[in-house]
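S.K.: Could you put the whole structure together from the sequences, leaning on the hints where they help?
Protein chains in written order, with numbering that gives the first Met the number 0: chain G, 0 to 397; chain U, 0 to 692.
Incorrect hints may appear among the rest.
Said to hold, decoys possible - Ranges between beta-carbon positions, derived for each pair: (1) U:Lys465 - G:Gln323: 50 to 58 Å; (2) U:Glu144 - G:Glu304: 50 to 58 Å; (3) G:Glu307 - U:Leu348: 42 to 50 Å; (4) G:Glu304 - U:Ala335: 15 to 23 Å; (5) U:Lys620 - G:Met325: 18 to 26 Å; (6) G:Leu245 - U:Glu144: 34 to 42 Å; (7) G:Glu304 - U:Glu622: 21 to 29 Å; (8) G:Gly246 - U:Glu622: 48 to 56 Å; (9) U:Ser318 - G:Leu297: 42 to 50 Å.
Since the hints were derived computationally from the structure, they do not count as laboratory data.
Values in this document were obtained by computation on a predicted structure and should not be read as measured data.
Positions of the beta carbon are idealized from the N, C-alpha and C atoms, including for glycine.
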Amino acid sequence: MAHIHQSLDQEADATTDEGAPTTPLSEAEQKTSEGATEAAPTTVPDAAVWWNSSATDDTPLPASIQATPVPAAEEDTPTAPMSLLEIEHARQRLATIAAQVAAAEDEPAMVSELATEPIDATHQLDINQAPALIARRSRQGLAAMAVRDVGRVREMNQDNVFAMITTLPRDGTDLTVGLFIVADGMGGHQGGELASRLAVRTVVHQVLSQLVLPALDDNMNAALQPLMISAVQVANQTIWEAAQSLGTDMGTTCTAALLVGHALYLAHVGDSRAYLFEPGGLRQLTSDHSTVGRLIQLGQLDPSEAREHPLRNQLYRTIGQQPQVMVDFIYQPIGVSSHLLLCSDGLWGLIDTPMLEQALKRSPWPQDTCNELIALANLAGGEDNISAVVVSLPLAER
Amino acid sequence: MGLIKRVGTKGLGTPSADDSTRQIPAAESSARITPPTEEESTRRIQGQPTDEGTKQIPVAPPRPAPPTPAMSAAASIADIHILPTGTLLQGRYRIEEPIGVGGMSVVYRGRDMRFKDVVRYCAIKEMAQTAPDSHTRALNLKNFEREAGLLATLQHPAIPKVYDFFEEDHRLYLVLELVPGKDLEAVLEEVGTPISEARVVTWAIQICDVLSYLHKHTPQPIVFRDMKPSNVMVVGDDRIVLIDFGIARNLNRSDRKGTMIGTEGYSPPEQYRGVAEPQGDVYALGATLHHLLTNTDPRLETPFTFHERPIRQLNSDVSVDMEIIVVKALEYDMNARWESADAMKQALLATISGVSAPGATALPAAPAVAKGTPQTELVWKFACEDEIRSSPAVNSGMLFVGCYDTNLYALDAVRGEFRWKYATDGGINSSPAVWQDYVIVGSEDGALYACDMRRGSLRWTFRTGKPIRSSPRIEDRVVYIGSDDQHIYAVDAIRGVPIWKYRTWNPIRSSAAITSQVIFIGGDDGHVYCLDIRNGALKWKQRTQQPVRSSPTFHEGLVYVGSLDQSLYALDAEGGWPAWRFRTGHYINSSPCVFGSRVFVGGVDGFMYAFDAKNGRLAWKFEVGSQITSSPRVENGRAYFGAVDGNVYCLDAGTGTLIWKYLTGAAVVSTPAIADGIVYVGSMDHNIYALKG
Numbered sequence: 000m001a002h003i004h005q006s007l008d009q010e011a012d013a014t015t016d017e018g019a020p021t022t023p024l025s026e027a028e029q030k031t032s033e034g035a036t037e038a039a040p041t042t043v044p045d046a047a048v049w050w051n052s053s054a055t056d057d058t059p060l061p062a063s064i065q066a067t068p069v070p071a072a073e074e075d076t077p078t079a080p081m082s083l084l085e086i087e088h089a090r091q092r093l094a095t096i097a098a099q100v101a102a103a104e105d106e107p108a109m110v111s112e113l114a115t116e117p118i119d120a121t122h123q124l125d126i127n128q129a130p131a132l133i134a135r136r137s138r139q140g141l142a143a144m145a146v147r148d149v150g151r152v153r154e155m156n157q158d159n160v161f162a163m164i165t166t167l168p169r170d171g172t173d174l175t176v177g178l179f180i181v182a183d184g185m186g187g188h189q190g191g192e193l194a195s196r197l198a199v200r201t202v203v204h205q206v207l208s209q210l211v212l213p214a215l216d217d218n219m220n221a222a223l224q225p226l227m228i229s230a231v232q233v234a235n236q237t238i239w240e241a242a243q244s245l246g247t248d249m250g251t252t253c254t255a256a257l258l259v260g261h262a263l264y265l266a267h268v269g270d271s272r273a274y275l276f277e278p279g280g281l282r283q284l285t286s287d288h289s290t291v292g293r294l295i296q297l298g299q300l301d302p303s304e305a306r307e308h309p310l311r312n313q314l315y316r317t318i319g320q321q322p323q324v325m326v327d328f329i330y331q332p333i334g335v336s337s338h339l340l341l342c343s344d345g346l347w348g349l350i351d352t353p354m355l356e357q358a359l360k361r362s363p364w365p366q367d368t369c370n371e372l373i374a375l376a377n378l379a380g381g382e383d384n385i386s387a388v389v390v391s392l393p394l395a396e397r
Numbered sequence: 000m001g002l003i004k005r006v007g008t009k010g011l012g013t014p015s016a017d018d019s020t021r022q023i024p025a026a027e028s029s030a031r032i033t034p035p036t037e038e039e040s041t042r043r044i045q046g047q048p049t050d051e052g053t054k055q056i057p058v059a060p061p062r063p064a065p066p067t068p069a070m071s072a073a074a075s076i077a078d079i080h081i082l083p084t085g086t087l088l089q090g091r092y093r094i095e096e097p098i099g100v101g102g103m104s105v106v107y108r109g110r111d112m113r114f115k116d117v118v119r120y121c122a123i124k125e126m127a128q129t130a131p132d133s134h135t136r137a138l139n140l141k142n143f144e145r146e147a148g149l150l151a152t153l154q155h156p157a158i159p160k161v162y163d164f165f166e167e168d169h170r171l172y173l174v175l176e177l178v179p180g181k182d183l184e185a186v187l188e189e190v191g192t193p194i195s196e197a198r199v200v201t202w203a204i205q206i207c208d209v210l211s212y213l214h215k216h217t218p219q220p221i222v223f224r225d226m227k228p229s230n231v232m233v234v235g236d237d238r239i240v241l242i243d244f245g246i247a248r249n250l251n252r253s254d255r256k257g258t259m260i261g262t263e264g265y266s267p268p269e270q271y272r273g274v275a276e277p278q279g280d281v282y283a284l285g286a287t288l289h290h291l292l293t294n295t296d297p298r299l300e301t302p303f304t305f306h307e308r309p310i311r312q313l314n315s316d317v318s319v320d321m322e323i324i325v326v327k328a329l330e331y332d333m334n335a336r337w338e339s340a341d342a343m344k345q346a347l348l349a350t351i352s353g354v355s356a357p358g359a360t361a362l363p364a365a366p367a368v369a370k371g372t373p374q375t376e377l378v379w380k381f382a383c384e385d386e387i388r389s390s391p392a393v394n395s396g397m398l399f400v401g402c403y404d405t406n407l408y409a410l411d412a413v414r415g416e417f418r419w420k421y422a423t424d425g426g427i428n429s430s431p432a433v434w435q436d437y438v439i440v441g442s443e444d445g446a447l448y449a450c451d452m453r454r455g456s457l458r459w460t461f462r463t464g465k466p467i468r469s470s471p472r473i474e475d476r477v478v479y480i481g482s483d484d485q486h487i488y489a490v491d492a493i494r495g496v497p498i499w500k501y502r503t504w505n506p507i508r509s510s511a512a513i514t515s516q517v518i519f520i521g522g523d524d525g526h527v528y529c530l531d532i533r534n535g536a537l538k539w540k541q542r543t544q545q546p547v548r549s550s551p552t553f554h555e556g557l558v559y560v561g562s563l564d565q566s567l568y569a570l571d572a573e574g575g576w577p578a579w580r581f582r583t584g585h586y587i588n589s590s591p592c593v594f595g596s597r598v599f600v601g602g603v604d605g606f607m608y609a610f611d612a613k614n615g616r617l618a619w620k621f622e623v624g625s626q627i628t629s630s631p632r633v634e635n636g637r638a639y640f641g642a643v644d645g646n647v648y649c650l651d652a653g654t655g656t657l658i659w660k661y662l663t664g665a666a667v668v669s670t671p672a673i674a675d676g677i678v679y680v681g682s683m684d685h686n687i688y689a690l691k692g
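M.R.: So this is what it looks like as structure tokens:
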């Protein structure tokens with residue numbers, strides 16, 4: 000099996016227009032963000048957002064209390080006691096996030112983005128933050144792409160992928176929800192193709208009927224963890240029954256990630272993988288249900304030996320090949336991570352982690368990233384079907 | 000076995016010869032004889048434990064074999080060459096009937112016609128070459144010859160004798176002693192429950208004996224490499240015979256890179272690195288014994304998880320000694336196992352004679368639960384004039400507690416001496432909070448009071464329309480408090496003026512959890528509310544079935560809260576939807592506490608619970624036997640809480656075992672406060688206690 004390493008990576012580099020758009024962008028950011036920091040203290044705090052006390056209750060303050068040292072207390076006004084604090088909060092919060100991101104990406108330019116504000120649908124606009132929001136030019140934001148490719152050896156694509164981003168209404172706000180799935184089918188006579196398609200279809204059906212529709216009706220009481228686990232178990236049941244009636248042994252892997260705001264709810268069976276691109280690097284969230292994967296977990300096998308191991312494709316848990324299945328569940332807040340990557344072993348088996356990381360960094364667009372990943376896997380031999388779901392994540396606010 | 004998904008591995012799968020007296024599988028299982036389909040899609044999961052057809056000799060091929068269409072079950076039956084009854088081989092062996100079909104061999108019951116006057120049966124093993132490529136066929140042939148040659152040199156009562164080996168009509172035949180009996184897998188299936196230790200021990204001793212014989216083989220040790228229930232026959236009176244030497248081989252130590260052969264579920268970890276040492280057979284025997292003693296099939300479990308299924312937990316009849324022997328055989332590290340089959344045999348013999356063998360003496364230490372009060376020292380106690388229904392706050396060497404006698408008390412935390420008290424116009428059910436030099440507490444008179452921490456003088460009051468039973472929470476100069484007047488208030492902590500209020504439809508008795516953006520609080524209307532910290536705007540509300548009096552706690556994107564609907568909820572902080580919930584046996588009034596990766600909560604059902612915070616898996620529960628409405632506090636790996644039985648409990652937070660308990664004079668509904676190793680808690684007996692454990 001051929002592995003592409005850095006040298007190939009550079010070839011791929013030449014074909015992308017990396018770098019060109021980012022430089023002018025960050026300059027513009029710098030300018031506007033400077034304006035924002037100057038503007039912020041002079042902004043008139045918006046009194047309307049505060050429910051004020053009645054006149055009788057609002058007794059004049061004793062001098063001793065007024066002198067109590069609180070941040071920015073001397074500039075406090077009776078009409079909006081909190082707004083300066085609030086600005087300071089926003090600034091500090093952003094500074095923390097921006098600094099973490101900057102440290103992770105090792106780009107000094109990012110430090111100038113202190114005044115940018117992460118925004119998403121759940122954010123309630125505050126006039127104090129308006130200048131910062133106007134100035135904001137994020138390098139990441141919620142976007143997703145799912146691509147699958149037959150590869151260079153197989154004649155049939157037995158992988159299936161799914162990506163959906165939506166907002167759902169919640170009492171006072173809207174909530175971003177995403178569903179991302181990779182299923183890698185197995186079993187002859189198009190069984191693998193059928194199994195992975197059934198898996199995606201069933202999980203999507205389950206999530207739509209038990210989360211999306213009830214949420215639209217403001218009637219959502221199901222718990223997300225059992226919802227995700229049972230979605231995959233229902234898929235198992237569906238495929239098992241179909242396999243029994245067709246007389247095949249088809250099965251599939253299934254890695255399904257539900258994004259709710261800034262947290263991930265993952266259900267997983269098999270050896271497809273979910274990675275989170277954290278500031279420290281790519282981290283595998285799922286564990287492979289292969290004997291080899293288990294040996295690595297136990298420290299009985301070195302991960303480098305695993306790629307070439309003759310039994311690397313032996314799975315001890317799949318969807319659809321037994322009447323019941325145990326589903327792994329993982330809850331993971333995204334924090335300041337930049338990407339979620341779901342992929343089949345056709346990708347991770349051929350492309351090593353540093354290359355995955357580089358591909359994720361190269362373009363802000365998930366579509367570019369997906370295409371690049373698939374191209375890389377094909378360059379490395381394309382021995383198997385290749386599928387990738389790339390999600391660029393929203394910045395966390397808390 | 001197990002599942003294989005791709006050409007490179009599956010294509011050369013050469014199920015090894017199978018053995019003697021097994022019955023031919025019925026039609027449904029004959030599909031297994033199908034040589035592994037070499038389509039691109041051949042990843043498979045092992046379906047049935049009885050599957051014999053997927054034993055592998057996966058040798059990395061130069062090129063994957065060309066795809067061939069998958070064969071139907073019918074076609075594969077036709078592919079298998081089965082000799083009709085009456086066929087005479089070598090003019091001597093008459094085929095009676097097929098008795099077993101292995102992946103690459105058929106076993107017949109035959110009769111040796113040379114013994115004319117007596118009926119002498121034998122097992123005739125025929126090499127069935129169905130593999131499509133010559134490489135595999137050559138490999139199969141070599142294996143078959145090796146098995147024959149190997150068996151011919153061995154002499155042990157637990158190893159079948161070889162009578163003859165010949166080639167006829169381009170097929171290879173091995174004539175063996177016919178072993179009449181059942182393999183252990185069949186025995187286990189028949190029994191359907193764990194097999195008695197006494198029986199297992201007699202088998203195990205014999206297996207150790209034959210393994211020891213093989214391992215001591217000269218010039219080179221023989222590693223059996225495929226120890227599992229289906230390769231062990233039980234004959235007559237519990238005599239053991241090993242069958243299927245298809246893959247046992249002379250161990251050539253210079254040959255570092257062995258091929259991975261064996262059976263998933265029983266094979267030792269090092270076998271996956273191509274290492275086949277005698278200790279591998281010890282592991283596989285351990286796995287076999289575990290299966291027999293627990294009736295849990297390792298092929299259906301996550302590989303290498305025997306230690307997660309302790310034998311005595313699944314079958315309490317098994318002796319401690321036996322469990323220790325098996326556990327030692329199942330060590331991941333080869334050197335930690337029994338150094339030889341012989342050593343293991345000695346240990347097994349000792350369990351019968353009742354004497355512990357060396358090496359099996361490490362009995363698990365009895366759990367050292369230090370019970371009782373001796374270590375618990377009362378540092379001081381202070382008597383108020385009525386019940387203490389709320390919880391103390393400790394700050395800057397001072398303790399503050401509200402009492403139903405209407406007073407807010409301030410005590411010296413070290414000595415318990417009275418400093419000051421402030422009388423409100425009603426009993427106090429609310430727990431005080433300290434912010435800077437303010438002590439803030441709510442009262443039944445409906446007001447929120449802020450006192451000077453040092454002197455107890457009143458700084459301000461803020462009046463609500465009904466009693467306050469919620470406790471103030473303060474963050475960045477803002478006090479958040481609920482009231483029975485159905486409102487949630489945000490109040491300026493310095494001036495006591497309201498910043499915003501939010502109206503619900505029932506009293507608010509829960510206390511807020513605060514993040515940088517929002518607060519979470521429960522209501523008697525059964526909702527958990529998420530409000531914008533700046534203006535009280537509703538972000539979301541999530542309904543539970545009953546009032547929520549427990550106070551939420553926020554940790555890593557989840558909001559934990561109990562409800563009178565008996566469930567503990569972990570709500571998604573942004574969506575409000577439950578991430579998971581756990582139903583207990585009664586109300587949850589207690590407020591959850593997160594420590595490390597766990598969330599702790601007490602139940603009116605009398606249990607203290609510890610869950611994995613991320614997925615709600617129960618880590619442990621501890622039965623108190625009386626209601627727990629107090630909330631746990633966890634510090635330094637210990638969980639402290641009170642119960643209605645009057646005790647203050649201290650548990651090991653990791654294991655849920657009791658470290659100490661201390662009895663007060665009445666129910667303890669107060670939540671402990673911990674500072675400098677001292678546990679402060681109020682009791683309905685009017686006292687506030689300072690305990691050291």
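S.K.: For the pair Glu307 of chain G and Leu348 of chain U, does the Cβ-Cβ distance stay inside 42 to 50 Å?
M.R.: 44 Å Cβ-Cβ, so the 42 to 50 Å window holds.
S.K.: Between Gly246 of chain G and Glu622 of chain U, does the beta-carbon spacing fit 48 to 56 Å?
M.R.: About 51 Å separates the Cβ atoms of Gly246 of chain G and Glu622 of chain U, which means 48 to 56 Å holds.
S.K.: Can you let me know if the beta-carbon spacing of Glu304 of chain G and Ala335 of chain U is within 15 to 23 Å?
M.R.: The hint (15 to 23 Å, Cβ to Cβ) holds, given that Glu304 of chain G and Ala335 of chain U are roughly 22 Å apart.
S.K.: How does the Cβ-Cβ distance of Glu144 of chain U and Glu304 of chain G compare with 50 to 58 Å: does it lie in that range?
M.R.: violated, 31 Å
S.K.: So does Glu304 of chain G sit 21 to 29 Å from Glu622 of chain U, Cβ to Cβ?
M.R.: The hint (21 to 29 Å, Cβ to Cβ) is violated, given that Glu304 of chain G and Glu622 of chain U are roughly 48 Å apart.
S.K.: Given a hint of 34 to 42 Å, does the C-beta separation of Leu245 of chain G and Glu144 of chain U actually sit inside it?
M.R.: holds, 41 Å
S.K.: Starting from the range 50 to 58 Å, see whether the pair Lys465 of chain U and Gln323 of chain G falls in it by beta-carbon distance.
M.R.: holds, 53 Å
S.K.: Range first: 18 to 26 Å. Now tell me if the beta carbons of Lys620 of chain U and Met325 of chain G are that far apart.
M.R.: holds, 23 Å
S.K.: Please check whether Ser318 of chain U and Leu297 of chain G have a Cβ separation lying inside 42 to 50 Å.
M.R.: Check failed, 28 Å falls outside 42 to 50 Å.
Of the numbered hints stated above, those contradicted by the structure are hints 2, 7 and 9, listed in ascending order.
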